[in-house]
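Engineer: With chain B's structure known, arrange chain C on it following the hints.
Number of protein chains: 2
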Amino acid sequence: MSTFSLHTLGCGSAKPSLRHNPSSTVLNIREKLFMIDCGEGSQLAMQRQRLKFSRLNHIFLTHLHGDHCLGLPGLISTLALTEKGGTLTIHTFKPGIKMFRKIFDYFCHERPYDIVFNEIAPEEALVYEDNAITIRTVPLKHRIDDVGFIFEEKPKLRHIRRDMVDFHKVPISQMKAIKDGEPFIKDDGTVIANEILTRPADPSVKYAHISDTIYMPELAEKIGAVDLLFHESTYLSEHEKDAFNRGHSTAAQAAMLARDCGAKKLLLGHYSSRYKDESLFLKEAQEIFPDSILNHEGLRIDLD
Amino acid sequence: MSTFSLHTLGCGSAKPSLRHNPSSTVLNIREKLFMIDCGEGSQLAMQRQRLKFSRLNHIFLTHLHGDHCLGLPGLISTLALTEKGGTLTIHTFKPGIKMFRKIFDYFCHERPYDIVFNEIAPEEALVYEDNAITIRTVPLKHRIDDVGFIFEEKPKLRHIRRDMVDFHKVPISQMKAIKDGEPFIKDDGTVIANEILTRPADPSVKYAHISDTIYMPELAEKIGAVDLLFHESTYLSEHEKDAFNRGHSTAAQAAMLARDCGAKKLLLGHYSSRYKDESLFLKEAQEIFPDSILNHEGLRIDLD
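In order, the protein sequence lines correspond to chains B and C.
Following our numbering, the numbering of the first sequence begins with 1 at its first residue and continues without gaps.
Following our numbering, the numbering of the second sequence begins with 1 at its first residue and continues without gaps.
Please keep in mind that the hints were generated in silico from the structure rather than gathered at the bench.
Owing to the predicted nature of the structure, the values given are computational and were not obtained by experimental measurement.
C-beta atoms are modelled at their ideal positions from N, C-alpha and C, and glycine is treated no differently.
One should not assume that every hint holds.
DSSO-like mimics (lysine-lysine), calculated; alpha carbons at most 30 Å apart, straight line [what the hints assert, rightly or not]: (1) B/102 / C/102; (2) C/241 / B/84; (3) C/141 / B/102; (4) C/102 / B/15; (5) C/84 / B/15; (6) B/98 / C/94; (7) C/15 / B/32; (8) B/15 / C/32; (9) C/15 / B/98; (10) C/276 / B/84; (11) C/102 / B/94; (12) C/102 / B/98; (13) B/15 / C/15; (14) C/15 / B/84; (15) B/276 / C/52; (16) C/84 / B/241; (17) C/15 / B/52; (18) B/141 / C/102; (19) C/94 / B/102; (20) C/15 / B/102; (21) B/98 / B/52; (22) B/98 / C/98; (23) B/102 / C/98; (24) C/102 / B/84.
Beta-carbon label-pair distances, calculated as ranges [to be verified]: (25) C/118 / B/300: 45 to 53 Å; (26) B/202 / C/116: 57 to 65 Å; (27) C/279 / B/89: 36 to 44 Å; (28) C/31 / B/286: 43 to 51 Å; (29) C/279 / B/54: 30 to 38 Å; (30) B/238 / C/94: 45 to 53 Å.
Only chain B is shown next, with the shape it has when bound in the complex (with noise of 0.2 Å):
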């Protein structure tokens, strides 16, 4: 089973179609939920895709653009009506944390689970951490403040290899010592190497959520070398100018980064709704990076 997986609620742009609905992107991380971004019809997709209400308990928002944070106040009614508990957490700017207030505050005041607001500034920062992954933020350049999202494992612990830690009769206290990479040390002053005893960690997962925003190479260095790597691709080459002048970046600009940046995989969407044909999303960004998919309502992506 993965634990480390994203799921794609929507993936157009601001002009919601029946192509694709507006931004949303769920990261299952050990089933806890992450949600980034709650275009309208977030709630439907959810219950879609069989994700459930119970274990979503942050909310990232990349910008205060409608097409990115309008579906919060129907998910924030509907939770209320379902079986969820405990707290939700939405990472915003303060105008959002002012405004969703006011609008949770009179459409959904009767709610059995507490919300709880989370500055955050268009700046590098780390906005959340618990015992598995750390969340920060990256700014990014759109017609609005607006960032990115970089989700990271911590290093995982070494596998301990069961035969090799009996014949040298580590004791159970020992153990947590020796998935941490530390060596075994006998009662006669004998050394036993860690590698000895335990096969490498998994890798830690890196992923980075690159939403609205022009084309920026100096975010290849913040991003570093992530597993996938979503970037918005909202418009092709050939209207490279509009994509600048609206704050948004096309294919072969996502490409590059990812190319620059070192990703494995590069995930595009964010498709303006002028496209009738997405498969030349792929083409332009699998010339310059060839693992590069598109994105889809529905998609799933096991990164462990």
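Structural biologist: Same frame as chain B, but now just chain C:
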């Protein structure tokens, strides 16, 4: 071609599901679109049913529960990206005006059309009138202020009998009066009764939209003999107490009202998501009022 049709965008209740969208209905009256309620997803349903955004000039909100109005911000934003011009009037209670003005100013401030708010109150009143129709409110009893809307065509013009008008040599200048039912008086004083010159006008259509409310027998007189009554039927009779406590009606109660007001047809809807088999609503209603039908997304009824 129909000149008065009803289109259901959503007929579920508070908890949206994969089977039903939250509430929204569009009336197409001589190519002007009138929307009643605007639950999340209404803008997509309009596209799906090929109802043109550019023809939508009036939105009426029955009450300010989220499942009846949280699709409004997304619709307003999307309209700004379409060919929509002119004015959009939103008819709602005072707190709705305050709330939506804030939301629109924040999320949808760039608009190539004007938004006008028309404040309505939970009372009987004329809230809209043009050459062809009137729209009146009737107060309902729900958990918060709530109104139903009665759409009524004005008396139509009588049909000219071309042969008789030619025979009696009625001049063009008299034609409007003849269509209005006046007799024709010849130069020699002879009176030609209107019935000789015309056939009766088409009947005027009357539609009542009774959203969330407990059963109110006194509505029968206020509504009168409508061609179609939509009456919420959130519950079945077996849960009549729940219905009352939550400010709702049962299918049987909707049917009693249809019978008592002399409706030609009853449209059920606003089904609670607790029921999986909606044929039970129909069965319950038809035992009291045989001309009952079930609502569903995509339903179109021509009323003329």
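Engineer: Could you run down the list of hints and mark each one as holding or not?
Structural biologist: Consistency of the hints with the structure:
At most 30 Å may separate the alpha-carbon atoms for a hinted pair to count; residue 102 of chain B and residue 102 of chain C meet this at roughly 10 Å. Taken as a hint, the residue 241 of chain C and residue 84 of chain B pair is honoured in the structure, with Cα atoms around 26 Å apart against an allowance of 30 Å. Under the criterion of a C-alpha separation no larger than 30 Å, the hint pairing residue 141 of chain C with residue 102 of chain B is consistent with the structure, at around 26 Å. A threshold of 30 Å between alpha carbons decides the hint, and for residue 102 of chain C with residue 15 of chain B the separation of about 21 Å falls inside it, so the pair holds.
Taking the CA atoms of residue 84 of chain C and residue 15 of chain B, the gap is near 13 Å; set against the 30 Å cutoff, the hint holds. For the hint linking residue 98 of chain B to residue 94 of chain C, the alpha-carbon distance of about 21 Å falls within 30 Å, and the restraint holds. For the proposed pair residue 15 of chain C and residue 32 of chain B, the alpha carbon gap of about 23 Å is at most 30 Å, so the pair holds. Restraint check for residue 15 of chain B and residue 32 of chain C: satisfied, since their Cα atoms lie roughly 23 Å apart, inside the 30 Å limit.
Of the pairs offered as hints, the one joining residue 15 of chain C and residue 98 of chain B holds, with about 26 Å between alpha carbons and a cut-off of 30 Å not exceeded. Straight-line distance between C-alpha atoms of residue 276 of chain C and residue 84 of chain B comes to about 22 Å, which keeps the hinted pair within the 30 Å bound. This hinted pair checks out: residue 102 of chain C and residue 94 of chain B have alpha carbons roughly 16 Å apart, not beyond 30 Å. Simply put, residue 102 of chain C and residue 98 of chain B have alpha-carbon atoms about 11 Å apart, close enough for the 30 Å limit, and the pair holds.
At roughly 25 Å between alpha-carbon atoms, residue 15 of chain B and residue 15 of chain C fall within 30 Å of each other, so this suggested pair holds. As the CA atoms of residue 15 of chain C and residue 84 of chain B are separated by approximately 13 Å, the hinted pair is consistent with the 30 Å bound. Pair hint residue 276 of chain B plus residue 52 of chain C holds up; C-alpha atoms about 20 Å apart against a cutoff of 30 Å. Between residue 84 of chain C and residue 241 of chain B the CA atoms are separated by roughly 26 Å; this keeps the pair inside 30 Å, and the hint holds.
Restraint check: the Cα-Cα separation between residue 15 of chain C and residue 52 of chain B comes to about 15 Å, which is no more than 30 Å; the hinted pair holds. This hinted pair checks out: residue 141 of chain B and residue 102 of chain C have alpha carbons roughly 26 Å apart, not beyond 30 Å. About 16 Å separates the Cα atoms of residue 94 of chain C and residue 102 of chain B, which keeps this hinted pair within 30 Å; it holds. Straight-line distance between C-alpha atoms of residue 15 of chain C and residue 102 of chain B comes to about 21 Å, which keeps the hinted pair within the 30 Å bound.
At roughly 28 Å between alpha-carbon atoms, residue 98 of chain B and residue 52 of chain B fall within 30 Å of each other, so this suggested pair holds. Taken as a hint, the residue 98 of chain B and residue 98 of chain C pair is honoured in the structure, with Cα atoms around 15 Å apart against an allowance of 30 Å. About 11 Å separates the Cα atoms of residue 102 of chain B and residue 98 of chain C, which keeps this hinted pair within 30 Å; it holds. Only pairs whose Cα atoms come within 30 Å are accepted, and residue 102 of chain C paired with residue 84 of chain B is accepted, the gap being roughly 29 Å.
Here the CB-CB span from residue 118 of chain C to residue 300 of chain B is close to 46 Å, well matched to the stated 45 to 53 Å. Between residue 202 of chain B and residue 116 of chain C the beta carbon distance is about 60 Å. The supplied range of 57 to 65 Å therefore holds. Checked against the hint of 36 to 44 Å, the pair residue 279 of chain C and residue 89 of chain B passes, with Cβ atoms roughly 43 Å apart. Distance hint check for residue 31 of chain C and residue 286 of chain B: the Cβ-Cβ separation is about 47 Å, which falls inside the suggested range of 43 to 51 Å.
Distance hint for residue 279 of chain C and residue 54 of chain B: a CB-CB separation of about 31 Å, consistent with the stated range 30 to 38 Å. In this structure the supplied range 45 to 53 Å holds for residue 238 of chain B paired with residue 94 of chain C, their Cβ-Cβ distance being about 50 Å.
Violated hints are absent here; each numbered hint is respected by the structure.
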